Amino acid sequence: MTPPHFAFSATFILALTGLVFHRTHLLSALLCLEGMMLSLFVALSLWALQLDITSFLASPLLLLAFSACEASTGLALLAATARTHGSDRLQSLNLLQC
Amino acid sequence: MNPYVLATLLFSLGLGTTLTFASSHWLLAWMGLEINTLAIIPLMAQHNHPRAIEATTKYFLTQATAAAMLLFASLTNAWLTGQWDIQLMSHPLPTTLASLALALKIGLAPLHTWLPEVLQGLDLPTGLILSTWQKLAPLTLLLQLQPMNSSLLIILGLTSTLIGGWGGLNQTQLRKILAYSSTAHLGWMVLVLQFAPSLTFLTLIIYLTMTFSTFLTFNLNNSTTINTLATSWAKAPVISSLAPLMLLSLGGLPPLTGFMPKWLILQELTKQDLAPAATLAALSALLSLYFYLRLSYAMALTMSPNNLTGTLPWRLLPSQHSLPLAISMTASLSLLPLTPALTALFTL
Chain Z
1 MTPPHFAFSA TFILALTGLV FHRTHLLSAL LCLEGMMLSL FVALSLWALQ
51 LDITSFLASP LLLLAFSACE ASTGLALLAA TARTHGSDRL QSLNLLQC
Chain H
1 MNPYVLATLL FSLGLGTTLT FASSHWLLAW MGLEINTLAI IPLMAQHNHP
51 RAIEATTKYF LTQATAAAML LFASLTNAWL TGQWDIQLMS HPLPTTLASL
101 ALALKIGLAP LHTWLPEVLQ GLDLPTGLIL STWQKLAPLT LLLQLQPMNS
151 SLLIILGLTS TLIGGWGGLN QTQLRKILAY SSTAHLGWMV LVLQFAPSLT
201 FLTLIIYLTM TFSTFLTFNL NNSTTINTLA TSWAKAPVIS SLAPLMLLSL
251 GGLPPLTGFM PKWLILQELT KQDLAPAATL AALSALLSLY FYLRLSYAMA
301 LTMSPNNLTG TLPWRLLPSQ HSLPLAISMT ASLSLLPLTP ALTALFTL
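From first to last, the protein sequence lines are chains Z and H.
Residue numbers for the first sequence follow my numbering, so the first one is 1 and each next one is one higher.
Residue numbers for the second sequence follow my numbering, so the first one is 1 and each next one is one higher.
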C-alpha cells in the first residue's frame, strides 16, 4: 500500500468512525461527512496525478460539486431540525421510536 | 406543493436512477445515487412536520454515509487494480465494502435500523417512492458486482429475512410493518443474487407490484395504524375484500403471486446444495406471514367494536384515481399461473 493510498484511507476511516460514533450534536456528524468527502477529493486528485492523464483532472471537481450540494442539503436539514426540535442535539430526535 | 417543483423533483428522481442504470464507471453511478438522494429530500420534508424533518435528517445521514463508502470502495479498487469499471471489480476488499455500502443504501439487515423510523415519518405516497423507486438503483449495482466471498450475501440475506420477520411482529404502525416487510423481501432477493440474478430481478418486480398496491390501498383508506385499518372496511368494501388476499400474497402463500419468487428461490438454493439456508429462509417467512395475517384479520375477518353503525363514513365518489391500484392489485393476486412466461420475460 503506497503512502498516498494509506493517507487517504486512514483519513476516510477516521472520519467514518467519527460519523458512526457521534453522540451529542448533529453538526459533528455533518462535519465528519465533509471530512470523508475531502479525503475522497484528495484521493481522486492524487489518482489523476499518479496516472499523468490530464483528462482525469476534471473528476475531483465533479466530486466537489456533488459534495457541495450534499453539504448544503445537510445544513438545510440542520436548520430545519433546529426549527422543529429546538436544537441539534440528537437526544431530541426521538419522535419516531417504536 | 408547487407543480413545477414537484415535476422537477420527480424528473430528477428518474434522472438519478437512469444515470445509475446506464453507467459503467463508478463515479457516474455514484452521481446517479447522489441525485436520487438529493431529489427525494424535499419530497420527504415537504410537510414541515417535526416527524417528517426527523425522518428526512436520518435518511440523509444514512444515504450520504452509504454513498461515501461506495465511492471509497471504488477508489480503493482503482488504486489497487487501476480501473474504474463496475463489472470488472475483482479485488475482494473493495467488493465487500461496496456490497456493505449498497446494503446500507437499501436497508438490508444488519444495516436496516434506519428504515422503520424513516418510513414512519413520511406520508404514504412519499413512503411508496422510498420503498419502490429508491431500491432500483442500488440493486442494479449489486447485481453487477461479483463477490469473491460468497457467504457475505447469504448471511446478509438470511439475517434480513429473520430480522424482517421478527421486527415486524411487535408493530402496530402500518408504515413500520411495511419497512420490516421491505427488509425481508430484500433479504430474499439478495439470497439468490450470486446464483441466479434473473430470479433477483423477478423477485424485485413482483415485490414492487405488491408493495405498490399495498401502499395505494392504505392511502385510499387513509389508514396508518391497525386500528384505523380495522374500521376502514366501510369506505370501500371491495378494497377490503381484496386487501387481505394482497397481504397474504406479500406473505408468500400459494396460489397468489407472492408465492412465485419464494418457490423459485427455494428451488435454486436447493440446486446449489444450500438446503439448510433454504430451510431457514422458508421458516423465517412464517414470521412475516404472521403479521400479514394479523393485518388481514383486523381488516376483513373481524368487525372491531365501534360506537354505532351511524358512524360509518359516507360512500362518496372516490376522489383519487384507482386505475393504478386496480392494475397492480390484479397483478399481485393472479399472476402465479404465468410463472413460466414471467421467468422467461425477466431474464438478465
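Among these hints, one or two may not hold up.
Output of the computed footprint for chain Z on chain H, the stretches with three or more beta carbons under 8 Å from beta carbons of chain Z [to be verified]: (1) 74 to 82; (2) 321 to 333.
Pulled from the structure, derived: some chain Z residues nowhere near chain H, Cβ distances all over 10 Å [claimed, not checked]: (3) Phe12; (4) Thr24; (5) Arg83; (6) Arg89.
Here are the simulated distance ranges between beta carbons [unchecked claim]: (7) H:Asp273 with Z:Ala76: 45 to 55 Å; (8) Z:Ser87 with H:Asp123: 22 to 32 Å; (9) H:Ile155 with Z:Gly18: 19 to 29 Å.
If you're looking for bench data, these hints aren't it; they were derived computationally from the structure.
None of these values were measured; they are calculated from a predicted model.
Glycine included, each C-beta is placed from N, C-alpha and C at the ideal position.
Inset, instruction - Compare the structure with the hints numbered earlier in the document and write down the numbers of the violated ones, lowest to highest. - result: Hints 2, 3 and 5 contradicted; others consistent.
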